[in-house]
Amino acid sequence: MTTEFEAVERARDEALARVGGAVTFAELATVETEVLGRRSVIVEMRKALGGLDAQARRSVGQLLNAAMSAVGDAVVLRRSAIEAVERAGQLEAERLDLTEFSPQRRRGHLHPFTAAWERLEDVFVGMGFQVAEGPEIETEWFNFGALNFPAGHPARESQDSLWVDWGEPGHTLLRTHTSPVQVRTMLAQEPPIYVVCPGRVFRQDTPDATHMPVFHQIEGLVIDRGISVGDLAGTLDSFVKAFFGGEFSSRLRPSYFPFTEPSAEFDVRRPDGSWLELGGCGMVHPNVLRAGGIDPEQWSGFAFGFGIDRFALTRHGVEDLREFWSGDVRFLSQF
Amino acid sequence: MKVLLSWLREFAPIEGDPHWLADQLSALGLAVESVEVLGANLEGVVVAKVLATRPHPQADRIQLVDVDRGDGESLQVCCGAFNMAPGDLVPLATLGTTMANGMLIERRKLRGEWSNGMLCAAREIGLTDAADGILILPSGLEVGADFAAAMGIETDVLYDLDVTGNRPDALCVAGVARDLAAWLGVVFTMIDPVAAADASWQGSDEAAVQILNGDLCGRFAARVLRDVAVGPSPRWLAQRLTAMGMRPINNVVDASNYVMLELGQPSHTFDLGRVAGRTITVRWAGEGETVQTLDGQLRYLSGRDGAICDGDGTVIGIAGVMGGASTEISPTTTEVLLEMAWWDPMSIARTARRLGLRSEASTRFERGTDPEIIDVAMRRFVQLLRESSPVRLASGEIVAQGNLPEAATVAVRTDRVNAMLGVALSRDAIAALLAPIGFSSQAVGEDLEVRVPSFRMVDTTSEIDVIEEVGRHYGFERIPKTVPRPTAQAGALSALQWDRRRMRHALVGFGLTEVMPLPFLAPGDLARAGLPADAVRVTNPLVEAESVMRTSLLPGVLKTLAFNASHRNPDLACFEIGHVFLPTDRSAPLPDEREQLGVAIAGAASPAAIEVWQVIADVLGVGQWRLRADAPAGMHPTRSAYIELAGTILGAVGEVDPAVAASYGVERRIAWLQVDLTALLASPHGSGAYRKVSRYPSSDVDLAFVVVESVPAAAVAAALHDAAGELLVDLALFDVYRGDRVPSGSRSLAYRLRFQAGDRTLTDTEVAAARTRCIEAITRDLGAALRS
Numbered sequence: 048m049t050t051e052f053e054a055v056e057r058a059r060d061e062a063l064a065r066v067g068g069a070v071t072f073a074e075l076a077t078v079e080t081e082v083l084g085r086r087s088v089i090v091e092m093r094k095a096l097g098g099l100d101a102q103a104r105r106s107v108g109q110l111l112n113a114a115m116s117a118v119g120d121a122v123v124l125r126r127s128a129i130e131a132v133e134r135a136g137q138l139e140a141e142r143l144d145l146t147e148f149s150p151q152r153r154r155g156h157l158h159p160f161t162a163a164w165e166r167l168e169d170v171f172v173g174m175g176f177q178v179a180e181g182p183e184i185e186t187e188w189f190n191f192g193a194l195n196f197p198a199g200h201p202a203r204e205s206q207d208s209l210w211v212d213w214g215e216p217g218h219t220l221l222r223t224h225t226s227p228v229q230v231r232t233m234l235a236q237e238p239p240i241y242v243v244c245p246g247r248v249f250r251q252d253t254p255d256a257t258h259m260p261v262f263h264q265i266e267g268l269v270i271d272r273g274i275s276v277g278d279l280a281g282t283l284d285s286f287v288k289a290f291f292g293g294e295f296s297s298r299l300r301p302s303y304f305p306f307t308e309p310s311a312e313f314d315v316r317r318p319d320g321s322w323l324e325l326g327g328c329g330m331v332h333p334n335v336l337r338a339g340g341i342d343p344e345q346w347s348g349f350a351f352g353f354g355i356d357r358f359a360l361t362r363h364g365v366e367d368l369r370e371f372w373s374g375d376v377r378f379l380s381q382f
Numbered sequence: 138m139k140v141l142l143s144w145l146r147e148f149a150p151i152e153g154d155p156h157w158l159a160d161q162l163s164a165l166g167l168a169v170e171s172v173e174v175l176g177a178n179l180e181g182v183v184v185a186k187v188l189a190t191r192p193h194p195q196a197d198r199i200q201l202v203d204v205d206r207g208d209g210e211s212l213q214v215c216c217g218a219f220n221m222a223p224g225d226l227v228p229l230a231t232l233g234t235t236m237a238n239g240m241l242i243e244r245r246k247l248r249g250e251w252s253n254g255m256l257c258a259a260r261e262i263g264l265t266d267a268a269d270g271i272l273i274l275p276s277g278l279e280v281g282a283d284f285a286a287a288m289g290i291e292t293d294v295l296y297d298l299d300v301t302g303n304r305p306d307a308l309c310v311a312g313v314a315r316d317l318a319a320w321l322g323v324v325f326t327m328i329d330p331v332a333a334a335d336a337s338w339q340g341s342d343e344a345a346v347q348i349l350n351g352d353l354c355g356r357f358a359a360r361v362l363r364d365v366a367v368g369p370s371p372r373w374l375a376q377r378l379t380a381m382g383m384r385p386i387n388n389v390v391d392a393s394n395y396v397m398l399e400l401g402q403p404s405h406t407f408d409l410g411r412v413a414g415r416t417i418t419v420r421w422a423g424e425g426e427t428v429q430t431l432d433g434q435l436r437y438l439s440g441r442d443g444a445i446c447d448g449d450g451t452v453i454g455i456a457g458v459m460g461g462a463s464t465e466i467s468p469t470t471t472e473v474l475l476e477m478a479w480w481d482p483m484s485i486a487r488t489a490r491r492l493g494l495r496s497e498a499s500t501r502f503e504r505g506t507d508p509e510i511i512d513v514a515m516r517r518f519v520q521l522l523r524e525s526s527p528v529r530l531a532s533g534e535i536v537a538q539g540n541l542p543e544a545a546t547v548a549v550r551t552d553r554v555n556a557m558l559g560v561a562l563s564r565d566a567i568a569a570l571l572a573p574i575g576f577s578s579q580a581v582g583e584d585l586e587v588r589v590p591s592f593r594m595v596d597t598t599s600e601i602d603v604i605e606e607v608g609r610h611y612g613f614e615r616i617p618k619t620v621p622r623p624t625a626q627a628g629a630l631s632a633l634q635w636d637r638r639r640m641r642h643a644l645v646g647f648g649l650t651e652v653m654p655l656p657f658l659a660p661g662d663l664a665r666a667g668l669p670a671d672a673v674r675v676t677n678p679l680v681e682a683e684s685v686m687r688t689s690l691l692p693g694v695l696k697t698l699a700f701n702a703s704h705r706n707p708d709l710a711c712f713e714i715g716h717v718f719l720p721t722d723r724s725a726p727l728p729d730e731r732e733q734l735g736v737a738i739a740g741a742a743s744p745a746a747i748e749v750w751q752v753i754a755d756v757l758g759v760g761q762w763r764l765r766a767d768a769p770a771g772m773h774p775t776r777s778a779y780i781e782l783a784g785t786i787l788g789a790v791g792e793v794d795p796a797v798a799a800s801y802g803v804e805r806r807i808a809w810l811q812v813d814l815t816a817l818l819a820s821p822h823g824s825g826a827y828r829k830v831s832r833y834p835s836s837d838v839d840l841a842f843v844v845v846e847s848v849p850a851a852a853v854a855a856a857l858h859d860a861a862g863e864l865l866v867d868l869a870l871f872d873v874y875r876g877d878r879v880p881s882g883s884r885s886l887a888y889r890l891r892f893q894a895g896d897r898t899l900t901d902t903e904v905a906a907a908r909t910r911c912i913e914a915i916t917r918d919l920g921a922a923l924r925s
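Residue numbers (our numbering), protein chains in the order written: chain A, 48 to 382; chain B, 138 to 925.
Rather than coming from a laboratory, the hints here were simulated on the basis of the structure.
Quick caveat: nothing in here was measured; it's all calculated off a predicted structure.
Built from N, CA and C at the ideal position, the CB exists for glycine as well.
Treat each hint with caution, since some may be false.
[Unchecked claim] Simulated restraints on C-beta separations: (1) Glu130/A x Arg889/B: 47 to 57 Å; (2) Gln345/A x Gln339/B: 39 to 49 Å; (3) Ile328/B x Glu366/A: 48 to 58 Å; (4) Glu147/A x Arg889/B: 44 to 54 Å; (5) Glu147/A x Val873/B: 28 to 38 Å.
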């Protein structure tokens, strides 16, 4: 019996040693066959169990089972160890220095004016407005006449406007505001009307740090039953809080525009208490409603407008408005 | 418009912190541009007596002045002015004084000599005196006395107001005071100047006035003055004018200006002895009539200018704009005709603009003056002039009357006021807000009949004008804020706006940067870009180089590429979305204005542009578009194509003509895509139709054909599509080969066709049949050979 026990232990130890010595999957596979395969010492020993008496058969058999199981476990363990080494080697071989790469293809850049424009649209859409657009070259009637600019009004005759060679002289111009879109909307649509009109407008301004002959503005028009100055003030206040933040507020100061009455300037109060003059607004003048085919006794409305470009200017701290028009990619790629 | 607080207080007891008052003015719509505190920082300035003046041993531009500051001792001060003499009294800023500009007066050495203080010029101590040099004080002041106390100087506040076009009343001190007093709830009192006239002497015996054109002049009033001694104005008056930004001239001119600033009524004075026939006639000028104005210029008049003429009919002044030289007051004048008138605002605006002669007077006439103030203003003028000159005043105004508009009486509905403002005021509360600013009301049932005051008759003619006044004086800030909500619509972008946005963001994600060149081009830019030169032109451009409205985005984008190339960024990939203006039909009310997309990739060939187009078509779901090789204007003649959808040209893709690129200074290939967004977004797209993903395996078939160059790949692809039938789910051109192994003039086009059915696994026979159909179609219809 002792001899059999010793033989089993010797075979087991030898098998474990061989498993432990395998360093590749191929070696391990060979060793596994040799130590646990049909021709292996341990399996041969099991086959020989039949020649032993019952008691010895049982006890040697148990020992053999334990040995097989130990060798089997050792193979599994060894396989994971080899796997880990192989994986580590493979990973090492794949090592990349990520800081070597500076991809040539970069993302494109939205123009900062567009970004401001879209955000303004989104805020007003959230407040229930739709967005209206119109031509940049307009007739004198849409730009001035329908907007209650009296004949001979300085703005109408002055050189502030850029006129074009279309139709009669003094008939067609580059729109000086997006208000013509308000008129077009009134003529095209029955009230109630809730629209904003963003767009490009033109003045005869020599370019400098704060002026361009071309700029963008957004105007709003609301026409409904019983619209009041209170509605105007409340709408602008909601807008200011949504666009700038809840800690901002607004105020109206009486002013004068031909197309609204009462007219007001609206200012935004920053959290530090300082004021930003944002734009003009007021109740749509009855003459403008009539020009838009709307009965001022049935409907009332308000309008407001302000520049878009200045938002981009102040938001990014740009000092010169002309930068935005330069097309310089060193500037544009910062946004 | 500038106003002094002290002057406002002559009309109403206005109290309060100067900056708080500025906020009140702004709340009334009289936007305060600046607040300047005058006469402040006089603490430490004393009256000193000049004892001696001595040259500075080291400097020519400064002298040494010994002064007595009240302690009987001699104090040495360095001074850069030389206008004082021993015995003069001067203001001395003593050591430790902080001047208005923040400078601290300290003992210091100037070129080796000690200076123990500073002698002050008028401007340095907040006074407005036209004279240069150190302010010489009136003799008799106590030496050493506090300067401000000795001079009776009180601090004052100067407001600069931005008065809007609808507020003619606020172009004078009295008008601003009236508005502010009403807002503050204090009493406004109009002045009532005393100007005693010589009862035995009638003005109408001395001179006559006549209005020939009533549409030009509503009222023309004059008074006759004698024994006027032209000389300097009283100091207080001159100082006020200076503070208001006007230069004192002499007592007659100054009184005229003072009255204009105070009451808003401009006036003119004639040397009556030089007015032929002692008669003034007002009429429209004849075309080409001339007059030499006060500034010495000869002015040519038009038939739409107002003329002031003498008894002979000779023009002696331009109505409301500028007087003539021939009847100007001079030191020898003894007989003065003082004139005040109400002119038609539009006429004055027109003439002042045409002649480039806008003045304080014409500005007031343009907005509409108050015809009822003329009598007060006349008396005020005489009262002021009498402070510096004897004046004999003839009795009675000499008046001619033209077509003076009448101030309106406006029906104002209480409900309407409340509806427009969003408030709940009673009829009487409305009347109470209007009364202090001169609008008198009469109750008519629940509503009011409001009489507009004469000083608002030009700008206030309708109910809404009156409602604005109610709102202003109720206070916009007190109106409760409410938010109306649209009930009949949801806020949303239109389909077009939404598509445009998705496209724009897809382009940015694809690596393209949005640019915004100016939409103006220079003459020649279009031709240089190979485009037709016909365009809409600006008739009054800022500069000639910005006088042409673009008909394409190409020139502007090329300029952008050239700019960046010259700044070492030659490989710009950019896009622009903007309007172009096509002069298609000059009889149409407006040019054909379209929104265009332009995409340029510098340093890339046409496939890069096609790739961008495919991204757009994919994002927007544009279906059966095709490319038709052509040479669109400005583009590479052999590397460009039109993009067509159902027979409509949506745009063009390819490369910029190298000659065009070179003429803009770009030496690289430029992949170029232009899309007419107006056409694209109006065409059917984005149906969103979905094809169920098949659960059955697909089969790929690779086919390569040798095709002559004249057959476009698009034709091969179309033929494959047709031949392959419904089982074709994908078709890709994966290789193009030109070289030794194909005949010259042909190239090999290799396609991968993927076949799949939604309901079964395809049999080999089915796939083989499709393959055969494809080969037959291409070889038969396009003369191509299957490449083995």
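Going through the hints against the structure:
1. Glu130/A x Arg889/B: 47 to 57 Å: 38 Å, violated
2. Gln345/A x Gln339/B: 39 to 49 Å: At roughly 60 Å between Cβ atoms, Gln339/B and Gln345/A fall outside 39 to 49 Å, so the hint is violated.
3. Ile328/B x Glu366/A: 48 to 58 Å: 50 Å, holds
4. Glu147/A x Arg889/B: 44 to 54 Å: Distance hint for Glu147/A, Arg889/B is violated at roughly 35 Å.
5. Glu147/A x Val873/B: 28 to 38 Å: Cβ of Glu147/A to Cβ of Val873/B: about 33 Å, so the range 28 to 38 Å holds.
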